[in-house]
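Undergrad: For reference, the chains in residue letters:
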Amino acid sequence: KAGVTQTPRYLIKTRGQQVTLSCSPISGHRSVSWYQQTPGQGLQFLFEYFSETQRNKGNFPGRFSGRQFSNSRSEMNVSTLELGDSALYLCASSTSGANTGELFFGEGSRLTVL
Amino acid sequence: AQSVSQHNHHVILSEAASLELGCNYSYGGTVNLFWYVQYPGQHLQLLLKYFSGDPLVKGIKGFEAEFIKSKFSFNLRKPSVQWSDTAEYFCAVTTMNTGFQKLVFGTGTRLLVSP
Numbered sequence: 001k002a003g004v005t006q007t008p009r010y011l012i013k014t015r016g017q018q019v020t021l022s023c024s025p026i027s028g029h030r031s032v033s034w035y036q037q038t039p040g041q042g043l044q045f046l047f048e049y050f051s052e053t054q055r056n057k058g059n060f061p062g063r064f065s066g067r068q069f070s071n072s073r074s075e076m077n078v079s080t081l082e083l084g085d086s087a088l089y090l091c092a093s094s095t096s097g098a099n100t101g102e103l104f105f106g107e108g109s110r111l112t113v114l
Numbered sequence: 001a002q003s004v005s006q007h008n009h010h011v012i013l014s015e016a017a018s019l020e021l022g023c024n025y026s027y028g029g030t031v032n033l034f035w036y037v038q039y040p041g042q043h044l045q046l047l048l049k050y051f052s053g054d055p056l057v058k059g060i061k062g063f064e065a066e067f068i069k070s071k072f073s074f075n076l077r078k079p080s081v082q083w084s085d086t087a088e089y090f091c092a093v094t095t096m097n098t099g100f101q102k103l104v105f106g107t108g109t110r111l112l113v114s115p
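Sequence order for the protein chains is U and S. Under the working numbering, the first residue of the first sequence carries the number 1, and numbering increases by one thereafter. Under the working numbering, the first residue of the second sequence carries the number 1, and numbering increases by one thereafter.
One should not assume that every hint holds.
[Said to hold, decoys possible] Mimicking SDA-like on lysine to any residue, the simulated pairs with C-alpha atoms at most 20 Å apart in a straight line are:
hint, chain 1, residue 1, chain 2, residue 2
1, S, Lys69, S, Ser5
2, U, Lys57, S, Ala1
3, U, Lys57, S, Thr95
4, S, Lys58, S, Lys69
5, S, Lys49, U, Glu102
6, S, Lys78, S, Tyr27
7, S, Lys49, S, Tyr27
8, S, Lys58, U, Glu102
9, U, Lys57, S, Met96
10, S, Lys49, S, Phe67
11, S, Lys58, S, Gly22
12, S, Lys58, U, Phe104
13, S, Lys69, S, Gly53
14, U, Lys57, U, Leu88
15, U, Lys57, S, Ser3
16, S, Lys49, U, Phe104
17, U, Lys57, S, Gln2
18, S, Lys49, U, Thr95
19, U, Lys57, S, Gln38
20, S, Lys61, S, Trp83
21, S, Lys61, S, Gly22
22, S, Lys58, S, Ala1
23, S, Lys69, S, Ser3
24, S, Lys61, S, Gln38
25, S, Lys61, U, Glu102
26, U, Lys57, S, Asn32
27, S, Lys61, S, Ala17
28, S, Lys61, U, Phe104
29, S, Lys61, S, Ile12
[As the list claims (entries may be wrong)] Each pair of labels, with its calculated beta carbon distance range:
hint, chain 1, residue 1, chain 2, residue 2, range
30, S, Ala17, U, Arg73, 41 to 49 Å
31, U, Phe60, S, Asp54, 32 to 40 Å
32, S, Glu15, U, Ile12, 35 to 43 Å
Source of the hints: derived by calculation from the structure; they are not laboratory data. Glycine included, each C-beta is placed from N, C-alpha and C at the ideal position.
Chain S on its own, in the form it takes in the complex:
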């Protein structure tokens, strides 16, 4: 079965530090990749997505992610985090095998940015 792994469950950073959250998926075929974010008390929202083309994708609020097919990875990065980036981040994938209607989520990474 397809799965998504997020190895960092909790990350604590100071403001202005750089961020990289790991995401690996297990599926050899065509995938669509996503990062969703859930700010405290808010609903899940899309941060960025990769369907095809340039493997470096840019999302909202200065976030970017790089798709490395050979490593089955889609890591999220931000050069300089802010206190307002405190949230839970979820990597997700859809595949032709599971049906592109079904998002398979990782377990999430809780990011705490201290001012």
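This is chain U alone, in the form it adopts within the complex:
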């Protein structure tokens, strides 16, 4: 069974640009969550989607957005990039609609903003 797949794995952008990251969940998983991981702030929740609906959102500015498609694949977008957006962005999927927090993580997309 394939795991959570994230693309691209690495990318470099400059301030002011925007970026789109993609996540394909494990087959059959309908919940997709996104987390930002940085050395200073650790792992922070961005948002979670289930059946194309955002169910929960973290404390990030509106520059961070996401969506989920009918096949459960998800994308997140960061507009007007800032240096502080440099981070590892992790996607995680889950089976349950109730989602008790047992997540399967991808390897992440490492974003560097110059």
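Could you slot chain S onto chain U? The hints should help.
TA: Then chain S, alone, in the frame of chain U:
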């Protein structure tokens, strides 16, 4: 706001030593508790979880954790560590208040096991 504290940021042990990593959370209601592990160069993966029932839970690779409700703690233990346990360990919680879809993570503990 709910938070998770991991007091040990870096731990260095020799092989065969016993391990205990502390985790405390701040939330008085129903919680689900987790330990995730991130081995070097690998993705985060679930080590063990507590939802309800027996407060002593066993996970993979000989790890166990004890939920002590009165202390708001969920410490991770292993009687004898191996070099392959070198990794970063994250305690996490979900709560009814934040929505069970949202994991709140601690800052992580880097464990280095020397052979």
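Undergrad: If a hint holds in the structure, say so; if it does not, say that too.
TA: How the hints compare with the structure:
{"no.": "1", "hint": "S:Lys69 to S:Ser5", "verdict": "15 Å, holds"}
{"no.": "2", "hint": "U:Lys57 to S:Ala1", "verdict": "14 Å, holds"}
{"no.": "3", "hint": "U:Lys57 to S:Thr95", "verdict": "14 Å, holds"}
{"no.": "4", "hint": "S:Lys58 to S:Lys69", "verdict": "17 Å, holds"}
{"no.": "5", "hint": "S:Lys49 to U:Glu102", "verdict": "8 Å, holds"}
{"no.": "6", "hint": "S:Lys78 to S:Tyr27", "verdict": "26 Å, violated"}
{"no.": "7", "hint": "S:Lys49 to S:Tyr27", "verdict": "17 Å, holds"}
{"no.": "8", "hint": "S:Lys58 to U:Glu102", "verdict": "15 Å, holds"}
{"no.": "9", "hint": "U:Lys57 to S:Met96", "verdict": "15 Å, holds"}
{"no.": "10", "hint": "S:Lys49 to S:Phe67", "verdict": "10 Å, holds"}
{"no.": "11", "hint": "S:Lys58 to S:Gly22", "verdict": "16 Å, holds"}
{"no.": "12", "hint": "S:Lys58 to U:Phe104", "verdict": "19 Å, holds"}
{"no.": "13", "hint": "S:Lys69 to S:Gly53", "verdict": "12 Å, holds"}
{"no.": "14", "hint": "U:Lys57 to U:Leu88", "verdict": "18 Å, holds"}
{"no.": "15", "hint": "U:Lys57 to S:Ser3", "verdict": "16 Å, holds"}
{"no.": "16", "hint": "S:Lys49 to U:Phe104", "verdict": "13 Å, holds"}
{"no.": "17", "hint": "U:Lys57 to S:Gln2", "verdict": "15 Å, holds"}
{"no.": "18", "hint": "S:Lys49 to U:Thr95", "verdict": "16 Å, holds"}
{"no.": "19", "hint": "U:Lys57 to S:Gln38", "verdict": "24 Å, violated"}
{"no.": "20", "hint": "S:Lys61 to S:Trp83", "verdict": "12 Å, holds"}
{"no.": "21", "hint": "S:Lys61 to S:Gly22", "verdict": "18 Å, holds"}
{"no.": "22", "hint": "S:Lys58 to S:Ala1", "verdict": "29 Å, violated"}
{"no.": "23", "hint": "S:Lys69 to S:Ser3", "verdict": "15 Å, holds"}
{"no.": "24", "hint": "S:Lys61 to S:Gln38", "verdict": "14 Å, holds"}
{"no.": "25", "hint": "S:Lys61 to U:Glu102", "verdict": "18 Å, holds"}
{"no.": "26", "hint": "U:Lys57 to S:Asn32", "verdict": "19 Å, holds"}
{"no.": "27", "hint": "S:Lys61 to S:Ala17", "verdict": "15 Å, holds"}
{"no.": "28", "hint": "S:Lys61 to U:Phe104", "verdict": "18 Å, holds"}
{"no.": "29", "hint": "S:Lys61 to S:Ile12", "verdict": "19 Å, holds"}
{"no.": "30", "hint": "S:Ala17 to U:Arg73: 41 to 49 Å", "verdict": "44 Å, holds"}
{"no.": "31", "hint": "U:Phe60 to S:Asp54: 32 to 40 Å", "verdict": "37 Å, holds"}
{"no.": "32", "hint": "S:Glu15 to U:Ile12: 35 to 43 Å", "verdict": "39 Å, holds"}
Violated hints, in rising order: 6, 19, 22; the structure is consistent with all others.
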